[in-house]
Amino acid sequence: MRSEIRPEPPPDEREALEQALKRLLSPSEGVATSAWWRAGVRESVLDDDEG
0 MRSEIRPEPP
10 PDEREALEQA
20 LKRLLSPSEG
30 VATSAWWRAG
40 VRESVLDDDE
50 G
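Just so you know, the sequence shown maps onto residues 0 to 50 in numbering that gives the first Met the number 0.
There could be a bad hint or two in this list.
Restraint-style ranges between C-beta atoms, simulated for each label pair [to be verified]:
no.	residue 1	residue 2	range
1	33	3	28 to 36 Å
2	38	18	26 to 34 Å
3	25	1	32 to 40 Å
4	34	2	33 to 41 Å
5	21	1	28 to 36 Å
6	39	5	19 to 27 Å
7	11	40	19 to 27 Å
8	35	1	33 to 41 Å
9	18	39	17 to 25 Å
10	37	13	18 to 26 Å
Hints are computed from structural coordinates only; laboratory data are not their basis. Where a beta carbon is used, it is the ideal one built from N, C-alpha and C, also for glycine.
Kindly generate the complete structure, drawing on both the sequences and the hints.
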């Protein structure tokens with residue numbers, strides 16, 4: 000299997016990922032998760048954006 004490392008996904012894929020994360024992290028929509036889980040995901044996403 001061949002793999003490729005890309006620093007940024009294509010714009011349409013990035014938008015789809017952002018929408019999926021918004022649905023997951025929204026307390027009123029998506030999967031019901033605890034506050035500490037949502038905070039951990041937000042921290043991870045923010046760390047990735049800074050890097």
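Each hint tested on the structure:
no. : hint                : in the structure
1   : 33 x 3: 28 to 36 Å  : holds, 35 Å
2   : 38 x 18: 26 to 34 Å : violated, 20 Å
3   : 25 x 1: 32 to 40 Å  : holds, 36 Å
4   : 34 x 2: 33 to 41 Å  : holds, 35 Å
5   : 21 x 1: 28 to 36 Å  : holds, 32 Å
6   : 39 x 5: 19 to 27 Å  : holds, 24 Å
7   : 11 x 40: 19 to 27 Å : holds, 22 Å
8   : 35 x 1: 33 to 41 Å  : holds, 38 Å
9   : 18 x 39: 17 to 25 Å : holds, 20 Å
10  : 37 x 13: 18 to 26 Å : holds, 20 Å
The structure fails to meet hint 2 from the earlier list, while all remaining hints are met.
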